[in-house]
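Please construct the entire structure, taking both the sequences and the accompanying hints into account.
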Amino acid sequence: MVPLSWPRDAVLAVCVVVDEATASAADGLGKRLASMLCERGAMASWVGESEPLAGEGLWPIRPSRDSATALLLAQVAQTDGFPAHALVIDSAARPHWDLLEARLEIPLDPSCSDAMMLSPAWWTPDEWLQYVMDSFDCLHAEGALAPTFLGIRLSPQASGRPGALQALDQLLGYIQQREAVWLTSVGELARHCARFVSEADGSSARRQP
Numbered sequence: 009m010v011p012l013s014w015p016r017d018a019v020l021a022v023c024v025v026v027d028e029a030t031a032s033a034a035d036g037l038g039k040r041l042a043s044m045l046c047e048r049g050a051m052a053s054w055v056g057e058s059e060p061l062a063g064e065g066l067w068p069i070r071p072s073r074d075s076a077t078a079l080l081l082a083q084v085a086q087t088d089g090f091p092a093h094a095l096v097i098d099s100a101a102r103p104h105w106d107l108l109e110a111r112l113e114i115p116l117d118p119s120c121s122d123a124m125m126l127s128p129a130w131w132t133p134d135e136w137l138q139y140v141m142d143s144f145d146c147l148h149a150e151g152a153l154a155p156t157f158l159g160i161r162l163s164p165q166a167s168g169r170p171g172a173l174q175a176l177d178q179l180l181g182y183i184q185q186r187e188a189v190w191l192t193s194v195g196e197l198a199r200h201c202a203r204f205v206s207e208a209d210g211s212s213a214r215r216q217p
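In terms of the numbering used here, the sequence shown opens at residue 9 and continues consecutively.
Check before you lean on any hint, since a few could be wrong.
Derived DEER-like restraints, expressed as beta-carbon distance ranges [to be verified]:
hint, residue 1, residue 2, range
1, Glu187, Asp142, 16 to 26 Å
2, Gln86, Asp145, 30 to 40 Å
3, Pro170, Leu107, 41 to 51 Å
The hints are simulated quantities; they were obtained by calculation from the structure and are not laboratory data.
The C-beta atom is built at its ideal place from N, Cα and C for all residues, glycine as well.
Quick look at the structure:
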């Protein structure tokens, strides 16, 4: 686990990720969701095979059910300024380094995904909103002891619908009004983590006799 700290004295970092953006672009759900995220300045990261409708684009991985990486949503190879990083469906408390895969893994909490409105338990938009707000409050309080992270996975099929879109708008407003919160993109988070670890490694090396 990486002993992270967040910029601007934040105690909680939040990333919003939109999955399968291009799949719903034709029926307007993706465009509606993109418009609202842009208005909110949410810095969303889009997982899709073509240009994102808004924000940052990531290339998706679709492993088979038998794959050892079945919970892997997307991965980005190392480039100048970016470490290798991956989005994983996981309830881990914060991003961590996978030494075997040599990449940063950024967790997206499955219970905070808007997919909870599309499959059992068939939450209403209000129920989903309340659950994610409660999770956010809990993580924000825990962040006073150690920096915490919340990864929210969205899909146009769920959050692009009018009722759900209103719930998401309320959620983003709630997050943005709270102090000591860093609402950021996946790429910016990966860059920050890489710098933090690089600086920590440099400090350790300087302490060696």
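Going through the hints against the structure:
no. : hint                          : verdict
1   : Glu187 <-> Asp142: 16 to 26 Å : holds, 18 Å
2   : Gln86 <-> Asp145: 30 to 40 Å  : holds, 35 Å
3   : Pro170 <-> Leu107: 41 to 51 Å : holds, 45 Å
Every hint from the earlier list agrees with this structure, and none is contradicted.
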